Amino acid sequence: MSVMDVRSRQVRVPRRFLPVAATFAVFVLTFGAGSLRYEGFASPQVLTNLFVDNAFLIVLAVGMTFVILTGGIDLSVGAVAALSTMIAAATLEAGWPPLVSVAAVLLTGTCLGLLMGLVIHHFEVQPFIVTLAGMFLARGLCFLISVESVSITDPAFRAAATGTLTPVEGVTLTYSVLIALAVVLVAAHVLHRTRFGRTVYAVGGSEASARLMGLPTGRVKVGVYAVSGFCSALGGLLFSLYMLSGYGLHAVGMELDVIAAVVVGGTLLSGGVGYVAGSVAGVLVLGTVQTLISFEGTLSSWWTRIVVGVLLLVFVVFQRAVVRRAR
Amino acid sequence: MRPRQLLRHHLFWPIAALVLLLVLNTVSNPSFLEIRLQNGQLYGSLVDILRNGAPTLLIAVGMTLVIATRGIDLSVGAVAAIAGAVACTWIASGGSAATAVLLALGACVLLGLWNGFLVSVLGIQPIIATLVLMTAGRGAAMLVTEGQIITVDDPLYHQIGAGFLVLPIAVLVSLGVLVGVALLTRGTALGMLVESVGVNPRASLLAGVRSRTIIWTVYVFAGLCAGVAGLMISSNVNAADANNAGLWIEMDAILAVVIGGTSLAGGRYSLAGTLVGALVIQTLTTTVYSIGVAPNAALVFKAVVVIAVCLLQSPRTSQVFGVRRKAGPRPSRSEEVTAA
Chain A
1 MSVMDVRSRQ VRVPRRFLPV AATFAVFVLT FGAGSLRYEG FASPQVLTNL
51 FVDNAFLIVL AVGMTFVILT GGIDLSVGAV AALSTMIAAA TLEAGWPPLV
101 SVAAVLLTGT CLGLLMGLVI HHFEVQPFIV TLAGMFLARG LCFLISVESV
151 SITDPAFRAA ATGTLTPVEG VTLTYSVLIA LAVVLVAAHV LHRTRFGRTV
201 YAVGGSEASA RLMGLPTGRV KVGVYAVSGF CSALGGLLFS LYMLSGYGLH
251 AVGMELDVIA AVVVGGTLLS GGVGYVAGSV AGVLVLGTVQ TLISFEGTLS
301 SWWTRIVVGV LLLVFVVFQR AVVRRAR
Chain B
1 MRPRQLLRHH LFWPIAALVL LLVLNTVSNP SFLEIRLQNG QLYGSLVDIL
51 RNGAPTLLIA VGMTLVIATR GIDLSVGAVA AIAGAVACTW IASGGSAATA
101 VLLALGACVL LGLWNGFLVS VLGIQPIIAT LVLMTAGRGA AMLVTEGQII
151 TVDDPLYHQI GAGFLVLPIA VLVSLGVLVG VALLTRGTAL GMLVESVGVN
201 PRASLLAGVR SRTIIWTVYV FAGLCAGVAG LMISSNVNAA DANNAGLWIE
251 MDAILAVVIG GTSLAGGRYS LAGTLVGALV IQTLTTTVYS IGVAPNAALV
301 FKAVVVIAVC LLQSPRTSQV FGVRRKAGPR PSRSEEVTAA
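As given, the protein sequences belong to chains A and B, one line each in that order. Number 194 in full-length UniProt numbering belongs to position 194 of the first sequence; there are no gaps in the numbering. Number 104 in full-length UniProt numbering belongs to position 104 of the second sequence; there are no gaps in the numbering.
None of these hints come from the bench; they were simulated from the model. Please note that the accuracy of each hint is not assured.
Heads up, incomplete: computed chain A residues facing chain B, CB under 7 Å, no partners named [stated by the list, open to error]:
1) Ala133
2) Val147
3) Leu256
4) Trp302
5) Val308
6) Gly309
7) Leu312
8) Leu313
A partial selection of chain B residues facing chain A, derived with a Cβ cut-off under 7 Å [stated by the list, open to error]:
9) Ile124
10) Ala297
11) Ala303
12) Ile307
Derived CB-CB ranges, DEER-like [as the list claims (entries may be wrong)]:
13) A/His122 to B/Leu190: 33 to 41 Å
14) B/Ser314 to A/Thr164: 49 to 57 Å
15) B/Leu311 to A/Ala182: 36 to 44 Å
Since we're looking at a predicted model, the values are computed, not measured. Beta carbons are placed, not taken as given, at the ideal position from N, Cα and C, and that holds for glycine.
I would like the entire structure built from these sequences, with the hints used as guidance.
Okay, here's the thing in structure tokens:
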């Protein structure tokens, strides 16, 4: 392990952190602008609410980061999250114990991801198409279970959803936030301190070179989709806690928000460059934009989409400039 | 043609899927293949399939050229929504249908220019460059319609999506564009140049091909196709719905292109394949509706067909069956479109 530590230190040249640092700077700037403009914006609770309202998005973005780091893409995350809310709601309604229900959801998501990974790797079909089919499949399965929205009435689930913690005076957060932060820490550990994580970066940098180095590229390429499937399922569970219902039309278009968050967070879609911390920052930036627009009050909701698009553009052009200068 | 050669043809599996779907429909509903002429207009299930599939086909034709240059255009659905929004808002405020169409298509050309600029000049990956417009585009369409669903009552405008000239006008437009593109690209060297840019933009540039201009042009063309499709969709219902017009049509169009055997890795394309692919998608949708599955659950069938066709076309499957086919260029990540 000591050899790896040395290597990972070598990798951390400041330029690699530039996009992530820029994202954090934008987050601080937008949040600062909000604080100056609106009274009560700069409270710890507004900051905490960014995590509370976006816990599921953070988890989904972590999974997506793994996939994008290998140069792939996963369009199925929103649909798998919706399927998870549906399975959770339906199994709880059928009287399953909550823990069994949670296990079933996580298992389904992971298996779906694994299956997509196997097809992508072994049949050499483009990730875009396979995960698009996965998206259709997961959404369709939701409606096979139930066309209507199913509400969750299980007392344990409701307790987990409404239970709050007060770590500091004046700040309340939900259990979802803790789960999301745990996922981020575990993911950062896996990416930077394990062989799997190193291989993820290696595959994204150059798959051919990674293979010639004898790294298990196939296993990792399949693995990242399983990771993303697991994260989508977990994100879906958090979303079901947030909404307390299962519905096939939950999380429609969320894959776009997730991809936008990851890209804004400085991860290159060509693979090999990026950090989960960046993706978290990306989610926070998107969340801040949404909060700003709701604080403004007079701005219509569609401005969120326009602003997110513009942010995406600015970051992509910025990254492009950084990459060009690096050459 | 020997059976082995037949199996080798790149359109074998898509056409097999299409025939299978048609047979299924005919078995479950014997009058499915009936077409009758009434008041000089053709009616029947097959005509309906063509008519409902016209916007997807049109967008897929534009998408085929984009994908042939190793690009992708995710923004076509949003562009279609913008076209409908612009046209309907203009008509609702008292403008004529003709100027509305021109305005809408002008806007779409601008959006196509924008996409092309990001991809060919700034060298941003196509998937991200067009994701920007996909995300912001629907917001922009909402901005145009001020969040309302704009309804219009203009008989001339209604003709685009619902008019008939023996066949529905929308079908004639889509097929006309398909044939036009086929003649233009396959009758001249243009198609080959597009493919060469898809194989390697840099090498094409060194060989004297204007990579940047070609890439830029295909995005503008895709935007224009999306615009016309958006007009068809909105004129068919006499309304502009910024949220739902053309929702997921980019996915259907990409699927149609891929089912037709065009590789997402770029460098080769088949317009005939795109036609078959669009027909497969639309026939599948119609089939599932007609056998009484909930519209949303129909997605499961779509997923199964997509996976089946893609697996059957995959080079690996061909190897297993001992059938060798000219494989497309393998996707390579290191070579982004850097036509600088």
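Unmet hints by their number, sorted upward, for this structure: none
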